[in-house]
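Participant: Here are the chains, one letter per residue:
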Amino acid sequence: MLEYVIKRLCYVVATLLVMSVLIFLITQIMPGNIAHLILGDFASPADIATLEAQLGLNDPWYVQYLRWAGAMLHGDMGMSLSMNQPVSGIIWGAVGRSALLAGISIVLVAILGIWLGVYAGVRRGSKSDHAISMITYVNIAIPEFFWAIVIIMLFAGYLRILPATGYASLDEGVWNWMRHLILPVFTLVTGLIAHVSRLTRSSVIDVMNTQYIRAARARGLSEKRVIREHALRNALLPAITVLAIDIGVLMGGVVVAETIFSYPGLGRTLIYAIQHMDLPLLQASMMVVTFVYAMANLSADLLYAFLNPKIRYGRGRDA
Amino acid sequence: MPERRNIRKITGLHVGLALLLFIVAIAVIGPSVSPYEMDATSLEQRLAAPSAMHWLGTDEFGRDVLSRMLNGARSSLVMGFGATLFSVLLGVPLGLAAGYFKGYTDDIIMRVIDVMISIPPVILGLLILSFTPPSLWKTTLAVGLVYVPIMVRLTRSVTLEVCGEEYVQSARARAEYNWYILFSEILPNAWPAIIVESALRVTFAILLGAALSFLGLGVQPPASDWGLMIAEARPFIASAPWIACAPGIALCLTVMAINLIGDGLRERLDPRLNRSRA
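Order-wise, the sequence lines are chains A and B.
According to this note's numbering, the first sequence is numbered sequentially starting from 1.
According to this note's numbering, the second sequence is numbered sequentially starting from 1.
A partial selection of chain A residues facing chain B, derived with a Cβ cut-off under 8 Å:
1. Met19
2. Ala141
3. Gly248
4. Ile274
Beta-carbon label-pair distances, calculated as ranges:
5. B/Arg111 - A/Tyr65: 20 to 28 Å
6. B/Val28 - A/Asn176: 45 to 53 Å
7. A/Ile6 - B/Val28: 52 to 60 Å
8. A/Tyr65 - B/Glu176: 46 to 54 Å
Below, computed lysine to aspartate or glutamate pairings styled on DMTMM-like, alpha-carbon distance capped at 25 Å:
9. B/Lys102 - B/Glu161
10. B/Lys102 - B/Asp114
11. A/Lys127 - A/Asp206
12. B/Lys102 - B/Glu176
13. B/Lys102 - B/Glu165
14. A/Lys127 - B/Glu267
15. A/Lys7 - B/Asp107
16. B/Lys102 - A/Glu3
17. A/Lys127 - B/Asp263
18. A/Lys224 - A/Asp206
19. A/Lys127 - A/Glu223
20. A/Lys7 - B/Asp114
21. B/Lys102 - B/Glu166
22. A/Lys7 - B/Asp106
Derived by calculation from the structure, the hints in this document are not laboratory data.
C-beta atoms are modelled at their ideal positions from N, C-alpha and C, and glycine is treated no differently.
The task is simple: from the sequences and hints, build the whole structure.
Facilitator: Structure (structure tokens):
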């Protein structure tokens with residue numbers, strides 16, 4: 001187990017290193033040079049040359065990279081070009097708000113998705129199973145950005161009970177704060193709940209057909225105990241893997257949802273930085289997203305390993 | 001009633017195939033049957049509701065929504081199938097090599113894939129699209145690249161399984177060339193799993209591609225694309241909901257059609273694949 005944890009940690013470090021080089025290099029070769037962006041269109045070539053020298057833009061790329069990465073490690077993300085503020089201030093506020101959105105969503109997806117899947121799986125072939133299957137089948141096919149627009153039309157347009165966009169801080173009242181979160185969260189969880197519940201359902205059905213469940217039933221255990229003590233343990237392992245994969249999908253969804261709902265999170269910051277060619281902001285937000293994703297993957301992997309005896313006792317996953 | 005038993009049961013696969021065929025037909029002949037020019041604007045007809053003249057209404061520039069939808073099918077399909085094809089072309093040979101040659105080849109390929117898979121898909125896409133002006137083919141490649149690691153892992157695991165089979169052992173004993181074993185013995189047996197996975201990827205790719213176009217990082221105006229149409233319709237969802245709904249429903253139907261085909265293929269080609277997919 002320890003060996004596995006160390007191996008995983010090495011991957012995380014390697015990923016972050018590779019990504020930081022990639023992000024730095026690719027954003028460095030973006031059209032428009034930084035000195036030009038800072039000074040504006042009417043700067044004289046001499047001013048640009050001076051600023052370039054000041055910022056060290058004439059150094060070889062690896063010197064620039066090391067300077068940038070070193071500053072990042074110290075928490076210094078530079079100044080935003082378009083907002084004239086330190087990037088770290090913008091990023092950390094945005095990360096908190098995105099984490100709130102993603103956190104609520106993943107908890108809801110885990111609870112509702114697994115519950116629905118188990119509910120349908122143990123009632124295979126019943127009316128409620130068919131109903132759940134139908135609804136989830138449609139839900140996985142709906143693009144998030146379209147679904148967001150549909151529920152804005154419904155709840156903000158016709159019913160007028162929820163705000164269409166924006167964000168309210170907790171100081172503006174708890175209810176107000178919650179009202180602004182409902183539609184974005186609803187957008188994010190719909191497709192994912194469907195995805196998780198479908199896979200949980202099929203893994204529950206697989207497990208219910210195994211010998212040891214038949215054996216447990218033959219011993220005269222009540223159906224409830226068979227499901228709770230024997231089936232769920234094994235059926236939930238695939239569900240956890242799926243949840244880990246869905247974290248990646250969720251992050252994409254967060255970018256889309258934040259853009260549509262004008263929610264001031266990391267995803268919208270990222271799109272803003274791309275649209276405004278704000279290099280320091282773009283580099284920092286991409287690094288933070290990569291870091292969060294790597295951490296989420298790591299914890300999912302470790303949780304999976306912890307629950308799966310094959311890995312816990314030192315036999316590799318893909319051997 | 002004996003005749004009734006002879007009627008073959010219509011399965012999800014048939015429904016999906018019929019629907020997809022219809023959508024492909026639209027993509028091919030759509031532009032020539034569309035009632036108006038896709039980018040013909042009309043100041044008098046702005047945001048007109050559906051009518052006999054404009055079956056699906058018009059958008060903010062008075063462009064016919066039906067015509068734009070018929071023209072937009074192409075880019076969604078190109079993105080979905082193009083991206084998947086790209087990930088298969090790149091991922092399958094790499095997965096075959098990793099699973100067959102093992103050793104260093106396997107180590108190097110899989111370590112690169114491990115790192116690639118830890119990159120958030122959105123970031124990988126955005127990274128590619130952020131530094132150059134977006135266009136259809138770039139979005140397609142970006143989306144395809146996101147799915148390469150999954151294809152490599154899948155092909156590798158199937159190859160590892162097949163390598164243990166007797167016909168591969170005997171081919172090796174006959175001292176056949178490696179490329180012969182790879183492409184004539186292993187690949188044909190790996191196809192079912194790859195095809196089923198590809199069907200699933202096509203839907204993901206269509207959705208991701210549409211989302212990127214929606215964010216302004218895919219197909220650019222004035223071209224027509226379903227994701228882009230929904231983005232353009234966003235300011236008018238209260239006054240003219242039909243502009244967003246038409247392409248949205250078209251996207252849902254396309255994705256559902258391919259999902260139905262994917263599920264049908266899975267049942268037909270390989271019942272073992274019913275386990276969870278990674």
